[in-house]
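Colleague: In this text, residue positions in the sequence shown follow the numbering used here: the first is -13, and each later residue adds one.
For the record, the hints were derived by calculation from the structure and aren't laboratory data.
Now the in silico label distances, taken between C-beta atoms and shown as ranges:
hint, residue 1, residue 2, range
1, -10, 16, 38 to 44 Å
2, 58, 221, 48 to 54 Å
3, 58, 120, 22 to 28 Å
Owing to the predicted nature of the structure, the values given are computational and were not obtained by experimental measurement. Just so it is clear, CB atoms sit at the ideal spot from N, CA and C, and this is done for glycine as well.
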Amino acid sequence: MIIVVLLVSLIVSLAPSIMLYRWFIKKSDDKKYKEICKESFKKGIFSVLFITLTSLAFAIIGIIFKLLKINPIIYQAYYTFIVLALSEELIKFLTFKKVIKKNKYKYNWYNLTIFMTIVGLGFGCIENATYSFGSGIIVMLLKGISIGHAGYGFIMGWFYSKMLETKKKVYGVLSFIIPWLLHGLYDFGLSKEVMKANDNIAFIPVILELVCIIFVFIIIRFVKKRQNDSKYTKTLKVV
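Working from the sequences, and respecting the hints, build out all of it.
Modeller: What follows is the structure in structure tokens.
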């Protein structure tokens, strides 16, 4: 029975991400586009190795400065926003940059956003697979439907592309700051120490979970409506 629950939890947590990824690939007949999609997904999966090392480095820094002894809430803020969220968003962004710099391609607002979203999907699949061991089917179904890392990736890719289009660095800053803060706030709101201090804080991760679900629909709409929009298909110079 336990094995069945684990298997079902794994399937419901991964199926939405894999379906979205395959849908992205089918939206173009361009062979190079498909190759970069596959590479982005693969690199997103393997980014977990570098994320783990980065998280470990930040965790050691927290131990060195004895943040836990200062205040449990302060330590949780450091742990969720830096050890977890910063590590994950930073490495995913660097993974994305590595993929697009490696491949010679006519990048545009549309496909750059999709590639960054796929990097998030790749890492999210590994994270969900890990969480499925010990979590219930309903919890994993919710995580599978919300596809948080896809939403963070979409925001990052969209604002990064806007920076390239407008030549305004502020959008480059927003491309990282927004997903990082949303991610950190979500993890912070779920931490046991914060819940003990004020259980009313639980509304924050609930709202952010709903935001992630809404972003799935935004991503789908973006693909359907923007693929042939000249604003999103104009070639951009990647920096």
